[in-house]
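**Student:** Protein chains in written order, with my numbering: chain A, 1 to 113; chain B, 114 to 227.
Hints are computed from structural coordinates only; laboratory data are not their basis.
The model shown is predicted, which means the values in this text are computed figures rather than measured ones.
All C-beta atoms in this analysis are idealised placements derived from N, C-alpha and C, irrespective of residue type, glycine included.
It is possible that part of the hints are untrue.
Derived DEER-like restraints, expressed as beta-carbon distance ranges [what the hints assert, rightly or not]:
(1) Arg190/B with Thr14/A: 45 to 55 Å
(2) Ser152/B with Glu52/A: 42 to 52 Å
(3) Asn77/A with Ser152/B: 20 to 30 Å
(4) Ser224/B with Arg98/A: 31 to 41 Å
(5) Glu177/B with Gly42/A: 36 to 46 Å
(6) Thr168/B with Gly16/A: 43 to 53 Å
(7) Gly62/A with Gln158/B: 25 to 35 Å
(8) Gly42/A with Thr125/B: 19 to 29 Å
(9) Ser79/A with Leu226/B: 41 to 51 Å
(10) Ser197/B with Gly62/A: 35 to 45 Å
Calculated cross-link-like contacts (lysine-lysine; reagent style PhoX-like; alpha-carbon spacing at most 25 Å) [to be verified]:
(11) Lys162/B with Lys97/A
(12) Lys1/A with Lys57/A
(13) Lys181/B with Lys162/B
(14) Lys162/B with Lys13/A
(15) Lys162/B with Lys1/A
(16) Lys181/B with Lys1/A
(17) Lys162/B with Lys174/B
(18) Lys1/A with Lys97/A
(19) Lys57/A with Lys162/B
Some chain A residues flagged as far from chain B (calculated, every beta-carbon gap over 12 Å) [what the hints assert, rightly or not]:
(20) Pro8
(21) Leu11
(22) Glu52
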Amino acid sequence: KAGVTQTPRYLIKTRGQQVTLSCSPISGHRSVSWYQQTPGQGLQFLFEYFSETQRNKGNFPGRFSGRQFSNSRSEMNVSTLELGDSALYLCASSVEKRGETQYFGPGTRLLVL
Amino acid sequence: AQSVTQPDIHITVSEGASLELRCNYSYGATPYLFWYVQSPGQGLQLLLKYFSGDTLVQGIKGFEAEFKRSQSSFNLRKPSVHWSDAAEYFCAVGAGSYGQNFVFGPGTRLSVLP
Numbered sequence: 001k002a003g004v005t006q007t008p009r010y011l012i013k014t015r016g017q018q019v020t021l022s023c024s025p026i027s028g029h030r031s032v033s034w035y036q037q038t039p040g041q042g043l044q045f046l047f048e049y050f051s052e053t054q055r056n057k058g059n060f061p062g063r064f065s066g067r068q069f070s071n072s073r074s075e076m077n078v079s080t081l082e083l084g085d086s087a088l089y090l091c092a093s094s095v096e097k098r099g100e101t102q103y104f105g106p107g108t109r110l111l112v113l
Numbered sequence: 114a115q116s117v118t119q120p121d122i123h124i125t126v127s128e129g130a131s132l133e134l135r136c137n138y139s140y141g142a143t144p145y146l147f148w149y150v151q152s153p154g155q156g157l158q159l160l161l162k163y164f165s166g167d168t169l170v171q172g173i174k175g176f177e178a179e180f181k182r183s184q185s186s187f188n189l190r191k192p193s194v195h196w197s198d199a200a201e202y203f204c205a206v207g208a209g210s211y212g213q214n215f216v217f218g219p220g221t222r223l224s225v226l227p
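Build out the structure end to end from the sequences listed, making use of the hints.
**Tutor:** What follows is the structure, encoded as structure tokens:
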């Protein structure tokens with residue numbers, strides 16, 4: 001089975017721009033979660049989608065949003081980028097049973113200048 | 114609120130030596146606990162997980178972890194470290210209504226001396 005894929009792998013943007021990141025989950029996985037990883041804050045949960053609905057949301061401003069499509073693929077969007085949004089954004093997928101393992105993609109590294 | 118602590122930011126061991134990485138969690142219900150490893154520039158790879166049952170869990174690459182409810186701990190061990198084990202290790206607890214909101218510890222960076 002193919003793993004979780006994320007595109008693009010690297011991005012450079014300037015402050016004030018917006019960005020969209022994409023995630024394709026493992027086939028058969030319907031839950032997709034997004035995490036932000038920075039040296040200062042570590043790994044932080046952004047949100048989780050299941051069956052095109054956001055089920056959980058972390059403590060991030062409204063500039064961070066996401067969606068999930070009927071094929072379980074997910075996108076996250078960050079509007080009005082700030083320097084502090086520079087991070088590795090990780091997507092993870094899992095089956096929908098409670099306590100199931102999340103399988104992570106390689107991440108998208110975003111640099112905001 | 115759920116939280117995970119990893120007291121050791123950086124550990125250095127010699128190749129062939131044993132390893133123990135500490136993890137403590139705070140969670141109200143029965144926890145789902147995970148250890149992941151991350152190599153530089155890579156995503157996270159699952160080493161092992163505790164769901165229920167036997168408190169000693171075996172994982173990949175020769176790693177094991179022991180769940181101790183009384184100590185709220187889930188320490189990761191390996192009897193003999195290889196140079197390729199140098200990486201960052203994260204302990205996590207599955208939280209949220211559906212267990213899909215993972216709360217991660219700050220990570221422990223492992224260096225291996227030849």
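**Student:** None of the hints should be skipped; say for each whether it holds.
**Tutor:** Comparing the hints with the structure gives:
1. Arg190/B with Thr14/A: 45 to 55 Å: Taking Cβ atoms as reference, Arg190/B and Thr14/A lie about 46 Å apart, which means the hint holds.
2. Ser152/B with Glu52/A: 42 to 52 Å: At 33 Å between Cβs, range violated.
3. Asn77/A with Ser152/B: 20 to 30 Å: Since Asn77/A and Ser152/B have Cβ atoms about 28 Å apart, the given range 20 to 30 Å holds.
4. Ser224/B with Arg98/A: 31 to 41 Å: Once the Cβ atoms are compared, 36 Å apart, the range 31 to 41 Å for Arg98/A and Ser224/B holds.
5. Glu177/B with Gly42/A: 36 to 46 Å: Violated, at about 24 Å.
6. Thr168/B with Gly16/A: 43 to 53 Å: 51 Å Cβ-Cβ, so the 43 to 53 Å window holds.
7. Gly62/A with Gln158/B: 25 to 35 Å: Between Gly62/A and Gln158/B, where Cβ atoms are some 32 Å apart, the hint holds.
8. Gly42/A with Thr125/B: 19 to 29 Å: holds (21 Å)
9. Ser79/A with Leu226/B: 41 to 51 Å: For Ser79/A and Leu226/B the Cβ distance comes to about 46 Å; the hint holds.
10. Ser197/B with Gly62/A: 35 to 45 Å: holds (42 Å)
11. Lys162/B with Lys97/A: Holds - the C-alpha atoms of Lys97/A and Lys162/B are around 15 Å apart, at most 25 Å.
12. Lys1/A with Lys57/A: Cα-Cα ~28 Å, so violated.
13. Lys181/B with Lys162/B: Roughly 14 Å separates the two Cα atoms, so the pair holds.
14. Lys162/B with Lys13/A: violated (37 Å)
15. Lys162/B with Lys1/A: holds (21 Å)
16. Lys181/B with Lys1/A: Between Lys181/B and Lys1/A the Cα gap is close to 34 Å, so the pair fails against 25 Å, i.e. violated.
17. Lys162/B with Lys174/B: Distance of about 14 Å is within 25 Å: holds.
18. Lys1/A with Lys97/A: holds (19 Å)
19. Lys57/A with Lys162/B: holds (23 Å)
20. Pro8: Pro8/A is indeed farther than 12 Å from all Cβ atoms of chain B, at 14 Å.
21. Leu11: holds (15 Å)
22. Glu52: holds (15 Å)
Going through the hint list in order, the structure does not satisfy hints 2, 5, 12, 14 and 16.
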